[in-house]
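Asks: Just need the whole structure built from these sequences, with the hints factored in.
2 protein chains.
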Amino acid sequence: MQVGIDSFAAAYLEQSRAVSPADRVGELVEQIEHADQVGLDVFGIGEHHRKDYLDSAAAMILAAAAARTRQIRLTSAVAVLSAADPVRLFQQYATLDLLSQGRAEMVVGRGSSIEAFPLFGFRLEDYDALFAEKLELLLEIREHEQVHWSGKFRPALTGQGVYPRPLQNPLPIWLGVGGTPQSFARAGVLGLPLMVAIIGGEPRRFRPLVDLYRDAGRQAGHAPEQLKVGVHALGYVAATTEEAANEFFPGYAAAIASVAKERGWAGATRAGFDAT
Amino acid sequence: MQVGIDSFAAAYLEQSRAVSPADRVGELVEQIEHADQVGLDVFGIGEHHRKDYLDSAAAMILAAAAARTRQIRLTSAVAVLSAADPVRLFQQYATLDLLSQGRAEMVVGRGSSIEAFPLFGFRLEDYDALFAEKLELLLEIREHEQVHWSGKFRPALTGQGVYPRPLQNPLPIWLGVGGTPQSFARAGVLGLPLMVAIIGGEPRRFRPLVDLYRDAGRQAGHAPEQLKVGVHALGYVAATTEEAANEFFPGYAAAIASVAKERGWAGATRAGFDAT
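These protein sequence lines map, in sequence, to chains F and V.
Note that the first sequence covers residues 1191 to 1466 in my numbering.
Note that the second sequence covers residues 1191 to 1466 in my numbering.
Hints in this document: simulated from the structure, not taken from any laboratory.
Don't take every hint at face value.
Sample of chain F residues facing chain V (criterion: CB under 8 Å; computed from the structure) [said to hold, decoys possible]:
id	residue
1	1191
2	1244
3	1247
4	1249
5	1253
6	1254
7	1258
8	1341
9	1343
10	1344
11	1345
12	1350
13	1354
14	1357
15	1359
16	1361
Don't be surprised by glycine CBs; every beta carbon is placed ideally from N, CA and C.
Replies: What follows is the structure, encoded as structure tokens:
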């Protein structure tokens, strides 16, 4: 098992929004450096396009971290592939792979917060079609230096080369999923490693979906060891379970309340929290 | 006067193409670190999308350099704005500005080598219209956190915010020009600092064009101190002028011969070289 940390580069501290964004990003790079020194396996940066987060160009933060670390793997968590150009995204992570001597990974997803769609001129109605097409192109670029490809949402490629090529071949690409069964099945069919985002709800409820992933993968002929599963979840470490829960719950409840308001979810209760 | 170095991150050494791309990029970051230590003012990375260069995602290399340097300014040289999305480009350089505590700059241009156009689905017929429109949007994003804009080559923005915001306000944006008079005039009218690329030909021939820039700027009402001029040119340092010329000319002639073949230029002679 590998253990890592994901960050969305929040633009504020718990107490205040007054922290300087430059200091905040600098501290984040120092945190990644520290994570490398204590032996964590991986550090991921999310992608958002809103005032609250500083991670719209996540690969840039990872590039800075690559220059300060030696062992830790560096990944998107997740890159909003639906709203990106797979050519540019591959170029960035291939460059990250060179900068880090082969420590880059990508987790790509459809995007959980939706502000990237209007910003880059895509329609939410195409939410899944965009992702399917762009994933196809991204995997094509990973496999072939010269790319022949055409689709609906991006100009065709007629043999153009995409450079630089990464040091790792293939560059690891994970599929980031939420709770949509179709996404788990897609990852299995493609034989891609699966990263499950559990940002609320009980982990055990995801078990049938992981089984669906493994079944779809096996039926498509992929070897079991290729069908890796990762979990992105909220975490907090303290001396005892009770201490951790007491320290963590207030901030967690406030964060869930804020997301819940935007997405029409129910809020978090301490009883529900303790049960999971 | 400020002095700096630009690199295109060539994928090969003079002797061989066999160098590892990861080692080459690593050495480049070390060179930027060294340039910072000896007190150079600025380091720039170009943008190409071909096998010979490793700089397609130039901002990534600059981000790695930001984490290893303290004083030196870091810039694109040039970013091919015509084929880029100004939103993504601004996000990257704003992030670079945060990572470097306010040392980012951008030099944006129409692009000298043209492989970016088919790769990103743009037409060479739109060479100048693309640049004019994207420059307008880029400056709009620099000026306003929430952007209202519409154009021909990119979906409209109807008040979306572009984040993160850079530490420097305004983030320095230079206009990179070759030999086109219209480009010099445009930079003057907009009051943008000018970066003149002299990759062949005699520097003194550019004087009338620089005068054109300054006249256009003055007429548009910009203060003279705002109308800064930079030169990007080939350079080589040795103990004496003759030594420098003898060591530099063979490689220069070979490089010019290679570009000349592609673009239908004349090659370089030693007599012409010594005269400039």
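Asks: Hints first: check each against the structure and report whether it holds.
Replies: Each hint, compared with the structure:
1. 1191: violated (28 Å)
2. 1244: Because about 5 Å separates residue 1244 (chain F) from the closest Cβ in chain V, which is inside the 8 Å limit, the hint holds.
3. 1247: holds (4 Å)
4. 1249: holds (6 Å)
5. 1253: holds (4 Å)
6. 1254: Holds, about 4 Å.
7. 1258: Holds - the Cβ of residue 1258 (chain F) comes within 8 Å of chain V, reaching about 5 Å at its closest.
8. 1341: The hint is violated - residue 1341 (chain F) has no Cβ within 8 Å of chain V, the shortest such distance being about 11 Å.
9. 1343: Interface hint status for residue 1343 (chain F): violated (11 Å vs cutoff 8 Å).
10. 1344: Nearest chain V Cβ about 7 Å off; hint holds.
11. 1345: holds (2 Å)
12. 1350: holds (5 Å)
13. 1354: It holds, given that the least Cβ distance between residue 1354 (chain F) and chain V is near 5 Å, below 8 Å.
14. 1357: holds (5 Å)
15. 1359: violated (12 Å)
16. 1361: Violated: closest Cβ of chain V sits about 13 Å from residue 1361 (chain F), beyond 8 Å.
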